[in-house]
Amino acid sequence: MIEIGLSHYMVLSAVLFSIGLYGVLSRRNAVGVLMSVELLLNSVNIALIAIGRYVGGAGATGQVFALFVITVAAAEASVALALLIAIYRDRGAVDVESATALQG
Amino acid sequence: MTVELAAWLVFGAPLVSFLAIVFGTRPSGQHILSGRLTALAMLVAWFASLYLLTQVLAAPGFELHPISYRWLEVGSLHLEFGFAIDSLTVTMLLVVTTVSFLVQVYSMEYMANENQDKSYSRYYANMSLFTASMLGLVLADNLFQVYFFWELVGLCSYLLVGYWFMRPSAAAAAKKAFLVTRIGDVGFLLALLVLFVHTGTFNIHELFGHEASDALLKSGFLGMTALSWATLGIFMGAAGKSAQFPLHVWLPDAMEGPTPVSALIHAATMVAAGVYLVGRMLPLFHHAPDTMAVVATIGGFTAIFAASMGLVASDIKRVMAYSTISQLGYMMLALGVGAYVAAFFHLLNHAFFKALLFLGAGSVGHYTDTFNMRYMGGLQKVLPITFWMVLIASLSLAGIPPLSGFWSKDEILGAALQASPLLFGMALVTVFLTAFYVIRMLYLTFAGEYRGGAAAERVALAAATVYSGAGAAQAGEGHGHGGHDTHGTGHGNGHGSHEVAILFIPLVVLVVPSVLSGLLNTPMWDGLAKFLTTHTIETTLGEHHLPFDPGLAALSTFVALAGIALAHQVYGAQAISAERLGAMLGGWPYRILQNKYGMDYLYEFLIVKLAFGQGLVAGLALFDKYVVDAVVNGAGSVSRAAGGALRTLQSGQLQGYGMAIVLGVLIITATMMIRS
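Protein chains in written order, with the working numbering: chain P, 1 to 104; chain U, 1001 to 1676.
Just so you know, the hints here were simulated from the structure itself, not pulled from any lab data. Heads up, some of the hints might be wrong.
Unchecked claim - One side only, chain U facing chain P, incomplete, derived with CB under 7 Å: (1) T1199; (2) S1651; (3) Q1653; (4) L1654; (5) Q1655; (6) G1656; (7) G1658; (8) M1659.
Using N, Cα and C, we set each Cβ at its ideal position, and we do this for glycine too.
All chains should be built: construct the whole structure from the sequences, respecting the hints.
Set out below in structure tokens:
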């Protein structure tokens, strides 16, 4: 039986982060991109809690930090979804590659 | 009453009246109030000056203890505000306050017809400010204070010459007066800096000390000592203010101002400030013989140069203006040869008779509505009192004994003869020219038949306009270009021989000193000479006394009489026609004089248009085009090019940006891992 240690959590976190990163960079649907961002944030949360548990000293700094990230992520998701709705009403689609109005 | 209080009263009374008029009167409708306030202030200042005179007479060496206050303190630089009261100061104070008071009284009637303008308060406020500044200048005990008030009188002169600023010629004349005197003031400012750098003081009496002059004599540049440069700079400022060649061009044009202004500022006081400054600093000039020679030469040349232009001027006020320049030249000449007393004696006499002449010219213009002597004549019948007053003042100016002008002019001639035969020759010819133009002016104005005044001038102007093919439509505008002080209403022609009392009373008062002030310094009693030779002057310049020379006096009187006789032959008996005289000489001397030796042309065309317009301005335009514009446009092009290159990076592709970020992070991480 293998003892579950810090490195396992870190590997899980890295795998989740890579999946999320891939999703952010490759999904054409903006909702997919948003979901991938959630994956990124949560992988970071896992890393924070694991490091907080194994490396950090007294107190629950890692957990508290993760709570903050969840809060911010909720806010981010609501703002981003509002933007997506606006884009959808404007163009009838939420294709990331076609939203290039700010190009130089 | 203490001396300190009296000094403050002299300087403060006009200043208070200025402030009261500016803040306390309405711009229109209260002209009597403004005028009375100003005249009252002058009266207060006059009495205070009189008190100071009694104090100075009682003081040893005719000098009172200087009164000094701390004004500004910046680091090691201390500026003081002080009053230096000696015999010269009180003499000037009395001249300024007397003339100023009489001019204010005269103005109350003279300017009364200016009611349409509704700007009495402006006129009197400027007059008050002017007098306050002039008195402050005279009282100053240090050069920085002199410079301060020097600029203030210049400003007042600008404001008053341009009093009728709606008239383009007046606005241009005001600008010219300001700019030309400013050229001189640059020299004055540089002189102040040179003096301060070398001696560390602005105080006049400290500058007269040995340490100061030694320090100034020790250093120098361009082959001249610092003292010579400083005195030359002071003289440059004085030449601008006192309208000496080649900075004289502004004074004839300044006649565009109201006549009382000309009488006060451009005859008696401000233009004498230059002479006063050089005279005040004469103990310093004394150590610089080269500057003294320049002062004497410029003075002598200006005297004869300006008098010659006065011969042909047809505007009565311009005749007076040239005469003023010429007489100021006499004073400079006297200072240049070291005749301190003679210069101030002449300044005193000249202030009175020239103010009288200007006020007389004002009365004449008031009656005829024009200042062009071609349209005057026969005014002796309608303005008898004015005529007699002007006649006496004119003879005084011409130097006929025993009137005041004779005594002072004679002293200057004597001093010039001692210094150099050339200067004496110039001064003597000027005596002849002065007598000639004065008598010409009298004949044209007062003798013969009345030639119609402003109405005739309008007709002549209209005819000339039509004749020259410019069209009859402009004929009606003739009035605007006509006289200088035209008062709008054509009151000149119809009314009879009554003279307005308030207009001739100042003349009658001024005629007393015009006749008698000469007696202050005669071979029989030289009280003024003793009075003006203060302790400071005696220890620095020494007593400068010339024995009276009866032969010289006879010669100058004879020359003056010869001038009068010639003028009488030409304009009175008409034995010699002026036209034939001109034609006989080929006409060109007349044209040269009429064109003022081309000085205006020289300045306006060559310097302003060519040197500045073509040269300097064109050069600046090229600089602007090829240097300034190049820098500005270059900055623009570089930005545009950089932007054009970089805009391709900004694709608007969200995931492109994300990719760039990830790659960037990877590169940073990789570098850190490799290095650690």
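For each hint, the structure was consulted:
1. Of the supplied interface hints, the one on U/T1199 is violated, with its beta-carbon coming no nearer than about 68 Å to a beta-carbon of chain P, more than 7 Å.
2. The beta carbon of U/S1651 comes within 5 Å of a beta carbon in chain P, closer than 7 Å, and the hint placing it at the interface holds.
3. With a cut of 7 Å, the hint placing U/Q1653 at the interface with chain P holds, because the nearest CB-to-CB distance is about 6 Å.
4. Proximity of U/L1654 to chain P holds as hinted, the smallest CB-CB distance being about 5 Å (cut-off 7 Å).
5. A hinted interface residue such as U/Q1655 counts as satisfied when its beta carbon comes closer than 7 Å to some beta carbon of chain P; here the least separation is about 5 Å, so the hint holds.
6. Interface restraint check: U/G1656 against chain P, minimum CB-CB distance 9 Å, threshold 7 Å, status violated.
7. Taking 7 Å as the C-beta cut-off, the interface hint given for U/G1658 holds, the closest approach to chain P being about 5 Å.
8. Taking 7 Å as the C-beta cut-off, the interface hint given for U/M1659 holds, the closest approach to chain P being about 6 Å.
This entry does not satisfy hints 1 and 6, going by the numbered hints stated previously.
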